[in-house]
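Protein chains: 2
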Amino acid sequence: MSVTAPRGFRAAGVVAGLKDSGTRDLALVVNDGPSRAAAAVFTRNRVKAAPVLWSEQVLRGGRVRAVVLNSGGANACTGAPGFQDTHATAEKAAELLVDSAGEIAVCSTGLIGERLPMDALLPGMDKAVADLSRGDGGLAAADAIRTTDTVAKISFRQGEGGYMIGAMAKGAGMLAPSLATMLCVVTTDADLPAETLDRALRAATRVTFDRLDSDGCMSTNDTVLLMASGATGVVPAEDEFTALLTEVCADLNRQLLVDAEGASKAITIEVVGAASEDDAVTVGRSIARNNLLKCAVHGEDPNWGRVLSAIGTTDAVFEPDQLNVAINGIWVCRNGSFGDDRDKVDMRPRDVTITADLSAGPHSATVWTSDLTADYVHENSAYST
Amino acid sequence: MSVTAPRGFRAAGVVAGLKDSGTRDLALVVNDGPSRAAAAVFTRNRVKAAPVLWSEQVLRGGRVRAVVLNSGGANACTGAPGFQDTHATAEKAAELLVDSAGEIAVCSTGLIGERLPMDALLPGMDKAVADLSRGDGGLAAADAIRTTDTVAKISFRQGEGGYMIGAMAKGAGMLAPSLATMLCVVTTDADLPAETLDRALRAATRVTFDRLDSDGCMSTNDTVLLMASGATGVVPAEDEFTALLTEVCADLNRQLLVDAEGASKAITIEVVGAASEDDAVTVGRSIARNNLLKCAVHGEDPNWGRVLSAIGTTDAVFEPDQLNVAINGIWVCRNGSFGDDRDKVDMRPRDVTITADLSAGPHSATVWTSDLTADYVHENSAYST
Numbered sequence: 001m002s003v004t005a006p007r008g009f010r011a012a013g014v015v016a017g018l019k020d021s022g023t024r025d026l027a028l029v030v031n032d033g034p035s036r037a038a039a040a041v042f043t044r045n046r047v048k049a050a051p052v053l054w055s056e057q058v059l060r061g062g063r064v065r066a067v068v069l070n071s072g073g074a075n076a077c078t079g080a081p082g083f084q085d086t087h088a089t090a091e092k093a094a095e096l097l098v099d100s101a102g103e104i105a106v107c108s109t110g111l112i113g114e115r116l117p118m119d120a121l122l123p124g125m126d127k128a129v130a131d132l133s134r135g136d137g138g139l140a141a142a143d144a145i146r147t148t149d150t151v152a153k154i155s156f157r158q159g160e161g162g163y164m165i166g167a168m169a170k171g172a173g174m175l176a177p178s179l180a181t182m183l184c185v186v187t188t189d190a191d192l193p194a195e196t197l198d199r200a201l202r203a204a205t206r207v208t209f210d211r212l213d214s215d216g217c218m219s220t221n222d223t224v225l226l227m228a229s230g231a232t233g234v235v236p237a238e239d240e241f242t243a244l245l246t247e248v249c250a251d252l253n254r255q256l257l258v259d260a261e262g263a264s265k266a267i268t269i270e271v272v273g274a275a276s277e278d279d280a281v282t283v284g285r286s287i288a289r290n291n292l293l294k295c296a297v298h299g300e301d302p303n304w305g306r307v308l309s310a311i312g313t314t315d316a317v318f319e320p321d322q323l324n325v326a327i328n329g330i331w332v333c334r335n336g337s338f339g340d341d342r343d344k345v346d347m348r349p350r351d352v353t354i355t356a357d358l359s360a361g362p363h364s365a366t367v368w369t370s371d372l373t374a375d376y377v378h379e380n381s382a383y384s385t
Numbered sequence: 001m002s003v004t005a006p007r008g009f010r011a012a013g014v015v016a017g018l019k020d021s022g023t024r025d026l027a028l029v030v031n032d033g034p035s036r037a038a039a040a041v042f043t044r045n046r047v048k049a050a051p052v053l054w055s056e057q058v059l060r061g062g063r064v065r066a067v068v069l070n071s072g073g074a075n076a077c078t079g080a081p082g083f084q085d086t087h088a089t090a091e092k093a094a095e096l097l098v099d100s101a102g103e104i105a106v107c108s109t110g111l112i113g114e115r116l117p118m119d120a121l122l123p124g125m126d127k128a129v130a131d132l133s134r135g136d137g138g139l140a141a142a143d144a145i146r147t148t149d150t151v152a153k154i155s156f157r158q159g160e161g162g163y164m165i166g167a168m169a170k171g172a173g174m175l176a177p178s179l180a181t182m183l184c185v186v187t188t189d190a191d192l193p194a195e196t197l198d199r200a201l202r203a204a205t206r207v208t209f210d211r212l213d214s215d216g217c218m219s220t221n222d223t224v225l226l227m228a229s230g231a232t233g234v235v236p237a238e239d240e241f242t243a244l245l246t247e248v249c250a251d252l253n254r255q256l257l258v259d260a261e262g263a264s265k266a267i268t269i270e271v272v273g274a275a276s277e278d279d280a281v282t283v284g285r286s287i288a289r290n291n292l293l294k295c296a297v298h299g300e301d302p303n304w305g306r307v308l309s310a311i312g313t314t315d316a317v318f319e320p321d322q323l324n325v326a327i328n329g330i331w332v333c334r335n336g337s338f339g340d341d342r343d344k345v346d347m348r349p350r351d352v353t354i355t356a357d358l359s360a361g362p363h364s365a366t367v368w369t370s371d372l373t374a375d376y377v378h379e380n381s382a383y384s385t
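Residue numbers (my numbering), protein chains in the order written: chain A, 1 to 385; chain B, 1 to 385.
Simulated from the structure, these hints should not be mistaken for laboratory data. A couple of the hints might just be wrong.
Since the list gives no way to pick one copy over another, a pair counts as held whenever it fits inside one copy or between any two copies.
Straight-line alpha carbon distances no greater than 25 Å define the calculated DMTMM-like cross-link-like pairs of lysine to aspartate or glutamate that follow [claimed, not checked]:
| hint | residue 1 | residue 2 |
| --- | --- | --- |
| 1 | Lys344 | Asp20 |
| 2 | Lys19 | Asp341 |
| 3 | Lys19 | Asp131 |
| 4 | Lys344 | Asp357 |
| 5 | Lys19 | Glu300 |
| 6 | Lys344 | Glu114 |
| 7 | Lys19 | Glu238 |
| 8 | Lys127 | Asp251 |
Looking at chain A on its own, in the form it has when it is part of the complex (with noise of 0.2 Å):
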C-alpha cells in the first residue's frame, strides 16, 4: 500500500542509525518503470536544506528513477560539505541500482545545522535496496520518515480505467509555511509525461498543503515528490487524474492536520464574500496564524474579536462594519459587533470551524491551522536538545 499500491514501485524503510531512538530512519522508493516522469514541488524558504538544492536539480530533467529519504537529521545549512553528503547519498543509490545519480532525488528532515552522519546512513542504503519490495516496504517507508509524527500517513485511490495513486506523507505542516518539514512522495502507474504531471501537482498542492499553516513557519527541507511509472499504460485526462491526485492530498493533509505536534484542535477557517480568491487566502493565513486567537481556540473560548482583528491587519478588500463572523456554525459577529449569543457555540469538538464572511465579492477559499498548546510549546522547546 501506500507508494507501493500503484504497479511498479518498490519500497523499503530500515533502520540505519541516525535517530538515537534506534528506530526506522532511511526509506527508499524506486520507480521500475516503463516511465520515469516525475514533478515536485520544493519549500519557498530561501534557505534550503542540501537535499532540496539536490533534489531540484535532479528534477529539472522531468525524471526520477528513486527518492532516498532520511530522518534524523535535515542537512540543513551545512554549507558545501552538507551538498557533498547528498550527492555520496545519490551516488551510494544510482550505484546499487546501477543507475544514473541525475535521477536520484534525495529528502531529509530532523534538525538543521548538523551534518548527517554518513557512515551510518550510507551503510543503511545496502540494507534499504535489500529489503525493496512491494508488499510491506510502502508502510515501512511511510514509518521511517517520521520525526515528530506519531502515527504513519499514507493514502492510495484508484482512478478510471484502474491506475493507482499511492502517497505517503510526514510532518505536520505545509510547503510554506510549515511547523516542521514536510515531505510527501506521490507515486501512480498512470502515463503521463512530466509536464502534466508539474500542472498536477501544483494545482492539488496549491489547495491542500499550501494552504495547512500550523505555526507560521516554514520549513527549508519541503518537498512534494510525484512519480509515474506507467506500468498500467492507462492515460487518464488531465482533469481526472487532477481531481484523484487532489483527493490524495487532501487526505494526507487531513491526516497531517490532526497530527500536528501539540494540537488538541483541528481548525478550518473557510473565508467566503472575497474580492479575489487571492484576498481569501491572505485573510485566512492572517486567521491562522493569530496566536492570540489559537490560544483562545485551545481554551474552548468563541473569542470572535481576535478574528476580526486578525483581519484587520490584511489589506484584503472589506469594509470593518460589513463583516461577519461564525464560530461552529453560529454567527457571534454580525456588521462587525456582537451578533448571535457567543454562548450557544459549542467548542468542545476537536474540530473547530471558523466562517470569515468579507461581505466584498463571490470568491472564497479554505485555510487550515491547529491550536497553540502548552504541549507545542514543551515540545519545541525541547526539540534539539
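Here the structure of chain A is known, so what remains is to put chain B in place on it, guided by the hints.
Same frame as chain A, now just chain B:
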C-alpha cells in the same frame, strides 16, 4: 510622577467598577496649559476600536485638553452604539472640566466585542475629576490602565533648560503588532507646537514601540498620545526633545518587554549588515515572530537553524551562504553553516541577544520580542472566559 512629573498636568486613577476584580479601572489626565498642543500615533489595524476612531478625529485639531482611559473593556467591534459610548464619555469629561468634548481623547483596553458598562463608567468620571492631583494622581492613573500587566509602567526625564517629559504605559506589545492593547500617555511642560510634537513622536515610536513584537498580533486599540502644557515656557531644540522623548519611550518599551504575558526571556534581535534599514526591520520581525524559535529560546536551546529558517522567508537582500548568527555573543552560525560550538552559548540569563548579520550592507535595526511559553498559552486561552 509619571504623567504628572511635568508641570501643568493633573491625573487620577479610580475604581469605576468596570473590572470584576474591583481594582482601579478608570484614569484621567488633564492638561491645564497654557498650551494644549498634542500629537498621537494609533494602531494600524483596519478594525479600529471606537475610542481610536474618536481620538483620531480629536487629534486632527492638534489640541487635547484631557484624555480618559479605561481598562475593563476595549469598546472595539461594538458598532455605532459603542461609538456613542465613547462620545458620551468625552462629553461627560468636557462637562466636568467645563470644556469642549472635541478636545477630549479617549482610550480603552480590555475584551473586544462587548459594550462598556456606561452606568459604571460615567459616575466613575465624577470620582476621577474629584480625585485629580499632581501628587499621587500620576501613579494612580498608571495603575488604573493595567489589564494583564503585573506592574504599572512609568518613566520621566528632565531636558535642557529644566522642562520634563513624563509618561505611563500599559500592555505588553506595540503599535503594530501587539500582544495586547498598548496604551501610552506622554506629557511634557515644554512649549512646542503640534507639528513638532507629531514629528518627534513618530521618530521616537518608530524605533521603540514599533519594534517591540511580542506575538505578532496587532491590537484594535493601540494609542500613544503626547500632550504638551508649555507650562515651563521652555522651547527645546527639536533634536534634543526628540532624543529625550525617544529615551522615555525606550525605557517604557523595556518595561513592556520584561512584563510581556507569560514571558520568561526578553529577546533582543539585532540585525546588522543589511542593505537597508527596511530589510533589517523585516528580518528582525520575521525572527521575532517565529514560534519555533521562541519556543527554543524558552527551552534555552541556541537553535540557530530556526533563525536562518526565519530569515529565509523574507525578501531581504542576502545570500544564504553569507549569513552569520550569534546568540549571546557566540557566533554559532558562520557563512550559512555551523560556526562556533553551540555548547558555549549561555542561555540561562533572562536577556537573550540574537545577532543576525546579513553581509549585505551597512544598515541595522533592533527588534525586541519575548519567548513563547506554556504560561502565555494558559493566560491567553483563559482570557475572556
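Practice problem: Can you give me the call for Lys19 and Asp341, within, between, both or neither, at a CA distance of at most 25 Å? | Solution: between (51 Å within a copy, 21 Å between copies)
Exercise. Tell me, please, which holds for Lys19 and Glu300 at an alpha-carbon limit of 25 Å: within, between, both or neither?
Key: between (37 Å within a copy, 22 Å between copies)
Quiz prompt | Identical-chain pair category, Lys19 with Glu238, by Cα at 25 Å | solution = neither (41 Å within a copy, 61 Å between copies)
Practice problem: At 25 Å max between alpha carbons, let me know whether Lys344 reaches Glu114 within a copy, between copies, both or neither. | Solution: Between copies, since 16 Å is at most 25 Å while 51 Å is not.
Exercise. Please work out whether the CA atoms of Lys19 and Asp131 approach to 25 Å or closer within one copy, between two copies, in both situations, or in neither?
Key: So Lys19 and Asp131 pass the 25 Å test inside one copy only (19 Å; across, 67 Å).
Practice problem: Could you figure out if Lys344 and Asp20 sit no more than 25 Å apart (CA to CA) within one copy, between two copies, both or neither? | Solution: Answer is between; shortest inter-copy Cα gap is 23 Å, intra-copy 48 Å.
Self-check item: 25 Å Cα threshold - placement of Asp251 relative to Lys127
Solution: neither (31 Å within a copy, 61 Å between copies)
Quiz item: Should Lys344 paired with Asp357 be assigned to within, between, both, or neither, using CA atoms and 25 Å as the limit?
Solution: Intra 19 Å, inter 51 Å, cutoff 25 Å: intra-copy only.
The structure does not agree with the numbered hints 7 and 8 stated previously, though it agrees with the rest.
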